[in-house]
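The residues making up each chain are set out below.
Protein chains: 2
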Amino acid sequence: MLPRKDLFDIPEGVIYLDGNSLGAMPKAAQARASQVITQEWGKELIKAWNTADWMALPQKVGDRIAGLIGAPAGSVATGDTLSIKVYQAVAAALRMRPDRRVILSDNGNFPTDLYMAQGLIDTIDKGYELRTPAPEDVLAAISDDVAVVMLTQVDYRTGRMHDMQAITKAAQAAGAVMIWDLAHSAGAVPVDMTGSNAEFAVGCTYKYLNGGPGSPAFIYARPDIVNQIEPALAGWLGHDAPFAMELGYRPAMSTERLRVGTPPIVQLSLLDAALDAWEGVDMAELRAASIELSELFIKEVESRCPQLKLASPCDPETRGSQVSFAFDHGYAAMQALIDRGVIGDFRAPDIMRFGFTPLYLDKDDIIAAAEVIADVIGNDLWDDPKYQTKSRVT
Amino acid sequence: MLPRKDLFDIPEGVIYLDGNSLGAMPKAAQARASQVITQEWGKELIKAWNTADWMALPQKVGDRIAGLIGAPAGSVATGDTLSIKVYQAVAAALRMRPDRRVILSDNGNFPTDLYMAQGLIDTIDKGYELRTPAPEDVLAAISDDVAVVMLTQVDYRTGRMHDMQAITKAAQAAGAVMIWDLAHSAGAVPVDMTGSNAEFAVGCTYKYLNGGPGSPAFIYARPDIVNQIEPALAGWLGHDAPFAMELGYRPAMSTERLRVGTPPIVQLSLLDAALDAWEGVDMAELRAASIELSELFIKEVESRCPQLKLASPCDPETRGSQVSFAFDHGYAAMQALIDRGVIGDFRAPDIMRFGFTPLYLDKDDIIAAAEVIADVIGNDLWDDPKYQTKSRVT
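Going line by line, the protein sequences match chains A and B.
Count along the first sequence starting at 1, add 1, and that's the number in the numbering used here.
Count along the second sequence starting at 1, add 1, and that's the number in the numbering used here.
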């Protein structure tokens with residue numbers, strides 16, 4: 002049953018609509034960190050790699066994430082950051098299509114995905130091209146020179162969703178490899194990696210999965226292609242026998258070959274603890290709750306604030322678990338909201354972004370948030386000098 | 002003054018000689034983790050990127066590490082794993098020498114450094130070659146087709162040290178770019194990055210720096226070349242304006258361009274807390290203490306255990322802060338030692354490895370350890386079936 006507010010510690014007076022940027026803290030986090038730090042590291046020291054089974058933790062966490070994205074156990078590797086996982090996926094995909102020279106993405110993709118792809122092809126320096134049409138033009142842009150289609154399923158600014166099934170099918174029909182970035186999907190919408198047939202997916206865990214600031218990323222590879230992958234980031238923990246200390250790299254015969262270096266045990270443990278809150282959650286129920294919250298939010302805000310222009314799709318079926326409004330004074334307005342306990346965020350140039358996390362939000366929260374928004378917008382409370390100074394992160 | 006045992010929590014009955022693999026837990030770790038998790042993440046949520054200055058943490062920690070390796074503030078970026086940092090350095094160095102095709106390392110290097118370099122050149126696929134002569138033949142192998150010399154200063158198995166000044170000078174005289182891996186150097190021996198004139202250094206922080214399991218890595222770039230580096234791993238947090246969300250990558254005009262994705266805030270905070278133990282430590286004093294401990298250890302062990310053959314250099318000036326002994330039954334013997342509270346580790350095929358961390362070890366520890374070693378070896382206590390089964394990490 003949703004929500005599961007009792008599993009989270011939300012500060013008094015806060016309505017947190019930014020779980021799409023940094024998920025809220027599960028109550029279990031602190032105890033797990035303390036266990037890892039004082040008992041495992043502190044008491045077991047180096048032995049904890051075995052006695053606390055740190056070595057198996059990346060795979061254990063990967064299996065739990067797999068369960069949330071419609072993927073089989075053993076198909077998800079964890080570690081590093083999403084940027085690194087994008088690089089691994091694109092590099093592997095390009096090697097699977099040696100005769101093609103185009104990476105197709107879209108200009109709504111999160112910038113780091115584009116940067117990482119560009120950094121890779123500049124490094125390879127063999128005439129690769131990164132194409133970024135508008136999101137709605139992607140399907141038409143899939144041509145038979147495309148090696149890789151790399152898209153983020155849910156747009157970080159607007160919440161618009163790509164049709165994973167249709168685009169994957171078209172990409173593969175054209176002979177391209179498909180990579181999905183699930184940053185705003187994992188834990189937000191039902192994902193069926195197996196059903197999609199896509200070769201790769203990547204994602205982060207500090208948003209809807211509540212792993213904490215900078216928690217590790219993940220990468221999925223379709224089981225039938227795993228052993229063909231030639232890892233660009235050929236780290237020792239992706240080796241078939243890391244502790245044999247062989248001079249030559251031999252990739253593990255599993256998704257483990259997409260591991261790189263020593264795993265961040267404390268953050269992986271926090272993520273593992275956070276995933277407890279997902280035990281038994283039915284993703285269809287989660288999606289229904291998410292849509293109910295976002296539809297209610299749009300109705301309540303639009304009826305009170307004609308100044309705000311919906312920047313997300315109207316149709317909830319094509320929208321992730323967030324709603325954005327465009328507003329010329331969006332930056333200042335978001336600061337004013339945050340000051341009053343309604344925490345969303347701002348994305349340049351004018352997007353006020355609100356995320357819906359049915360694990361710890363209910364309808365009362367949404368109505369209360371809409372009232373504060375109405376107050377801030379209707380009474381121009383954002384028009385105070387203290388809300389105009391930009392901080393680095395919003 | 003050394004040691005600073007009061008800053009660390011070493012379990013009763015343990016003599017910890019494996020700080021070269023995973024440093025001991027500073028007492029400050031738990032309180033800092035609790036602060037970051039319950040106060041910053043829990044109470045401030047997304048705002049903590051500003052209010053707790055998470056955005057500045059990677060650079061703050063980088064500056065503190067810089068101080069320990071003879072590098073100026075602003076020259077060290079932190080994050081990711083050492084494997085990733087090796088990849089960044091090698092990729093950047095190869096682009097600085099576009100007409101050369103050889104990476105020179107040695108066959109004593111830690112395997113992941115070799116794997117990452119190989120993965121990179123296989124990805125670029127333009128006829129690059131990774132050469133790995135024996136460590137003692139490296140100087141002679143520096144020829145004018147070498148683009149990059151990439152070495153680990155202190156050998157992970159034996160503690161043998163390369164001459165950083167001499168090799169860097171020879172590499173640069175031949176027109177090559179120099180990369181030093183400081184995994185077993187940072188916090189272990191005095192390092193003078195500025196004085197070495199090397200272009201790059203990389204390292205990890207969970208060994209002598211005590212950052213905790215999987216704490217983030219670091220990369221140094223010589224300040225005069227930073228703005229020529231074309232990052233292969235062009236992540237958004239290395240962008241000049243990450244939150245402008247530009248479609249094209251523009252690297253930061255500083256070492257920040259070697260940052261990649263979202264930093265692991267909890268582990269960075271643990272590392273930051275661990276670095277407090279290094280405040281005011283004089284590296285010359287540390288080195289003197291380290292040599293005193295290792296010389297005493299060799300003397301005490303050799304006098305008691307003729308069965309053990311010293312696998313480290315006799316001359317402490319050419320040895321890092323560890324001592325290794327070769328022993329045919331080394332694996333079982335190490336298990337027997339660990340069972341008796343003397344914790345070192347084993348590296349295939351026959352190396353018993355002991356690290357010396359003057360922050361939390363004194364001469365009494367060394368003598369006590371030698372007595373336990375004498376008991377285990379002299380009385381064949383390792384010859385018990387329970388010590389023969391290999392675990393994954395030792």
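In case anyone wonders, no lab produced these hints; they're calculated from the structure.
There could be a bad hint or two in this list.
Copies of the same chain look alike in the list, so a pair counts if it fits in one copy or across any two.
Below, in silico cross-link-like pairs of lysine-lysine (BS3-like), each with a Cα-Cα straight-line distance of 30 angstroms or less [claimed, not checked]: (1) LYS127 / LYS387; (2) LYS48 / LYS127; (3) LYS391 / LYS48; (4) LYS364 / LYS44; (5) LYS127 / LYS61; (6) LYS48 / LYS6; (7) LYS28 / LYS6; (8) LYS28 / LYS61; (9) LYS170 / LYS44.
Cross-check of the supplied hints:
1. Proximity of LYS127 to LYS387 under the C-alpha cut-off of 30 angstroms is found in neither arrangement, the shortest distances being 50 angstroms within a copy and 56 angstroms between copies.
2. In this assembly of identical chains, LYS48 and LYS127 lie within 30 angstroms of each other by CA distance neither inside one copy nor across copies; the values are 46 angstroms within and 43 angstroms between.
3. When the C-alpha separation of LYS391 and LYS48 is checked against a cutoff of 30 angstroms, the pair qualifies only between copies, where the shortest distance is 13 angstroms, while the shortest distance within a copy is 47 angstroms.
4. Within a single copy, LYS364 and LYS44 get their C-alpha atoms only as close as 45 angstroms, which misses the 30 angstroms cut-off; across copies the closest is 22 angstroms, which meets it.
5. For a Cα distance limit of 30 angstroms, the shortest separation of LYS127 from LYS61 qualifies neither inside one copy, at 38 angstroms, nor across copies, at 38 angstroms.
6. Taking CA atoms no more than 30 angstroms apart as the test, LYS48 paired with LYS6 passes between copies only; the shortest distance there is 21 angstroms, against 37 angstroms inside one copy.
7. Proximity of LYS28 to LYS6 under the C-alpha cut-off of 30 angstroms is restricted to the intra-copy arrangement: shortest distance 10 angstroms within a copy versus 33 angstroms between copies.
8. When the C-alpha separation of LYS28 and LYS61 is checked against a cutoff of 30 angstroms, the pair qualifies both within a copy, at 21 angstroms, and between copies, at 29 angstroms.
9. Proximity of LYS170 to LYS44 under the C-alpha cut-off of 30 angstroms is found in neither arrangement, the shortest distances being 52 angstroms within a copy and 44 angstroms between copies.
Violated hints for the displayed structure, listed by number in ascending order: 1, 2, 5 and 9.
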